[in-house]
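Given next are the chains, with one letter for each unit.
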Amino acid sequence: MIDQLMCYSRGYVEIVIRSSSYERFLNLCAYHQILIWDLNHTDGQYEGKIFVKDFRKIREIAKKSGSKITVLNKRGLPFWIRKHKKRTGFFFGLIVCLGIIFVLSLFIWDIQIEGNLAQTDEVILDYLKQEQISFGSWKNTIDAQELAADLRREFEQFIWVSVQMKGTLLKIQVQENTDVTLNEEIEKEPSSLVATKDGKIVKMITRSGKPMVSVGDTVKKGDVLVLGRLEIKNDAGEVISYQECAADADIILETADTYEEEFSMQYQEKVYTGKTKKKYYIQIGDTFLRTPWMGELYDTYDVVDQRSQLKLWGNFYLPVSVGTYTVREYEIVEKTYTKEEAKKKAEENFIVFSEKNQEKGVQIFKNDVKIVTGISACTASGSLVLHEQAIKRVPLQETLDIEEGTQSE
Amino acid sequence: MRREKKPFYQIMAAQMQIPRDLSEGAVLLSVTGREEIFIENYKSILEYTNQRVLLQTKSGRVEIKGRNLHIAYYTCTEMRIEGVLESIHY
Numbered sequence: 001m002i003d004q005l006m007c008y009s010r011g012y013v014e015i016v017i018r019s020s021s022y023e024r025f026l027n028l029c030a031y032h033q034i035l036i037w038d039l040n041h042t043d044g045q046y047e048g049k050i051f052v053k054d055f056r057k058i059r060e061i062a063k064k065s066g067s068k069i070t071v072l073n074k075r076g077l078p079f080w081i082r083k084h085k086k087r088t089g090f091f092f093g094l095i096v097c098l099g100i101i102f103v104l105s106l107f108i109w110d111i112q113i114e115g116n117l118a119q120t121d122e123v124i125l126d127y128l129k130q131e132q133i134s135f136g137s138w139k140n141t142i143d144a145q146e147l148a149a150d151l152r153r154e155f156e157q158f159i160w161v162s163v164q165m166k167g168t169l170l171k172i173q174v175q176e177n178t179d180v181t182l183n184e185e186i187e188k189e190p191s192s193l194v195a196t197k198d199g200k201i202v203k204m205i206t207r208s209g210k211p212m213v214s215v216g217d218t219v220k221k222g223d224v225l226v227l228g229r230l231e232i233k234n235d236a237g238e239v240i241s242y243q244e245c246a247a248d249a250d251i252i253l254e255t256a257d258t259y260e261e262e263f264s265m266q267y268q269e270k271v272y273t274g275k276t277k278k279k280y281y282i283q284i285g286d287t288f289l290r291t292p293w294m295g296e297l298y299d300t301y302d303v304v305d306q307r308s309q310l311k312l313w314g315n316f317y318l319p320v321s322v323g324t325y326t327v328r329e330y331e332i333v334e335k336t337y338t339k340e341e342a343k344k345k346a347e348e349n350f351i352v353f354s355e356k357n358q359e360k361g362v363q364i365f366k367n368d369v370k371i372v373t374g375i376s377a378c379t380a381s382g383s384l385v386l387h388e389q390a391i392k393r394v395p396l397q398e399t400l401d402i403e404e405g406t407q408s409e
Numbered sequence: 410m411r412r413e414k415k416p417f418y419q420i421m422a423a424q425m426q427i428p429r430d431l432s433e434g435a436v437l438l439s440v441t442g443r444e445e446i447f448i449e450n451y452k453s454i455l456e457y458t459n460q461r462v463l464l465q466t467k468s469g470r471v472e473i474k475g476r477n478l479h480i481a482y483y484t485c486t487e488m489r490i491e492g493v494l495e496s497i498h499y
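Quick note, the sequences are listed as chains A and B, same order. Just so we're aligned, residue 1 is where the first sequence starts under the working numbering, counting upward by one. Just so we're aligned, residue 410 is where the second sequence starts under the working numbering, counting upward by one.
Hints in this document: simulated from the structure, not taken from any laboratory. Please read all numbers here as calculations on a predicted model, not as lab measurements. For glycine and all other residues, C-beta sits at the position ideal for the given N, C-alpha and C. One thing to keep in mind: the hints can contain errors.
Stated by the list, open to error - Have a look at the derived ranges for each label pair, beta carbon to beta carbon:
id : chain 1 : residue 1 : chain 2 : residue 2 : range
1  : B       : SER453    : A       : GLY44     : 33 to 43 Å
2  : B       : GLU472    : A       : ILE81     : 40 to 50 Å
3  : B       : MET425    : A       : GLU60     : 37 to 47 Å
As the list claims (entries may be wrong) - Per the computed footprint, the stretches of chain B lying under chain A, defined by three or more beta-carbons under 8 Å from a beta-carbon of chain A, are:
id : region
4  : 425–437
5  : 475–481
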C-alpha cells in the first residue's frame with residue numbers, strides 16, 4: 001500500500017523493451033541503480049515499470065545495449081498535475097480547503113464528559129466556561145494536566161480526572177467518590193440526638209453518648225434519645241464529673257402516618273392527529289439557517305428537535321450541525337377513568353410514594369390503604385406504619401436544659 | 410582439491426562465525442512456498458523468460474525454472490521473482 005502510494009506520488013512510466021540483448025540492458029540498469037519492477041516477459045518483449053526520474057537516464061543505456069524503448073503509459077502524480085496544470089481554480093480551492101481544515105483542527109469542537117454521576121454535564125461545562133474553555137476554544141490555550149488538576153480542586157468528589165484532547169474532541173473522564181461515609185463530616189461539638197417524631201424505638205445502636213431510652217420505649221417528639229454527656233462515677237457510684245461528647249447512634253423509630261390522595265376521574269389526554277410538518281436547519285456556530293414552515297402551523301403542537309454534529313473522521317468534529325424540527329399536531333381530549341384504570345393509577349401512585357420514601361430512608365412497614373372510586377373522584381387513604389431514622393442533632397446545652405426540666409418535675 | 414582443503418580466509422571467517430554470504434559473497438535464496446523466491450548476492454542476469462531465469466553468482470550459475478515467472482523487482486544485489494516455481498538448479 002505504502003509502496004504503491006510512493007510509486008504514485010513519484011510518478012512512473014510503463015515501458016516496453018525490445019532488444020536482442022535484453023540481459024545487457026537489465027544488468028546495466030541494475031549497475032546504474034535504476035529500479036525496474038513488475039518486469040514481465042510476453043511475446044518476446046519485456047514490459048516493466050520505471051520511475052520518471054530514472055527514465056531520463058535510460059536512453060543512454062538503451063543506446064549502448066541496442067534496445068528500443070517504447071512508453072506504454074505514464075502514471076502518477078507528476079503527470080496528473082501536468083495534465084491539470086491549467087485548472088488553477090481547482091488547485092486554489094484544494095489549498096483553501098486544506099487550509100480551512102487545518103485551521104479548524106486548531107479548535108475544540110466537541111466536549112465529552114464521562115463518568116460523572118453526581119455532577120451533571122452542565123455544571124462541569126459551566127465551570128469550563130469560567131475557565132474560558134468551551135466549544136471553539138483555541139487548542140493551544142488548554143493545558144490538559146492543569147485542567148485536570150483544577151477540576152479535582154473544584155469538585156471535591158472527583159477522585160480521579162483525566163483530560164484528553166483527541167483531534168477536535170476534548171474528552172474529560174472522571175471518577176466520582178461513591179463512598180458516602182468518607183464525605184460525612186464527623187461531628188465534634190458536644191451534642192445530643194433528639195426524636196423528631198412520636199414513635200416507638202425498634203432498633204438502637206449507640207456508638208457514643210449516654211442512651212436515655214431503650215428498644216421498645218415509646219418516645220415523643222423532642223425527647224432526648226442519646227445524651228452527649230457521659231457520667232464518670234467513683235467506686236461508690238457517685239457522679240464525680242461529666243465528659244462531654246458528640247452523640248452518635250443508629251436509631252430507628254416506628255412512627256404512624258396517614259396517606260391520602262385524591263384525583264379526579266376526568267383527565268385530559270394528548271392525542272396526536274398524525275399530522276406532522278418538518279423544517280430543516282443547518283447550525284454554523286451560533287447562526288441558524290432554517291427552511292421556512294410550509295403553510296400554517298397548528299393550534300396545539302409540540303416540537304421534536306433532532307440534530308447531529310458533523311465530523312470529518314473519527315474525532316474531527318466540525319462546528320456545523322444539521323437537524324430537523326418536527327412539529328406534531330395534537331388535540332386535547334377529555335377522558336374519564338374506568339374503575340379499573342382509576343384503581344391501577346391509585347396503586348401506581350402509592351408505589352411511587354413508597355419508592356420516594358425509601359429513597360429518603362423511610363420504610364413503609366405496614367399499610368392499610370384503601371382505594372375508593374366514586375363518580376367524580378378516586379381517593380386512596382389509610383394509615384401507615386413507618387420505620388425511619390427520625391432523629392436530629394441538637395447542641396448539648398439545649399438538651400441538658402430539657403433533661404433538667406423533666407427531672408425537676 | 411578445493412573441497413578438501415579450504416582457503417585460509419574461509420577457515421578464519423568460519424571461526425569468527427561470519428555469515429558466508431558476507432565473507433564469501435555466497436548467494437542467498439529464500440523460497441516462500443512455490444510462488445515466491447528472493448535472491449540476494451547475485452551478480453547479473455544471464456537469461457530471463459517466463460519459464461526460466463538464469464543468474465550469475467560469485468560461485469556459479471543458478472537456474473530457476475517455472476511457469477509465468479516475472480520479476481517483481483530487482484536491484485544490483487537482490488531480486489524477487491514471482492510465479493510457479495518448478496526447479497532450482499546450480
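To see whether the hints hold, each was checked on the structure:
| no. | hint | in the structure |
| --- | --- | --- |
| 1 | SER453(B) x GLY44(A): 33 to 43 Å | violated (21 Å) |
| 2 | GLU472(B) x ILE81(A): 40 to 50 Å | holds (45 Å) |
| 3 | MET425(B) x GLU60(A): 37 to 47 Å | holds (43 Å) |
| 4 | 425–437 | violated (count 0) |
| 5 | 475–481 | holds (count 4) |
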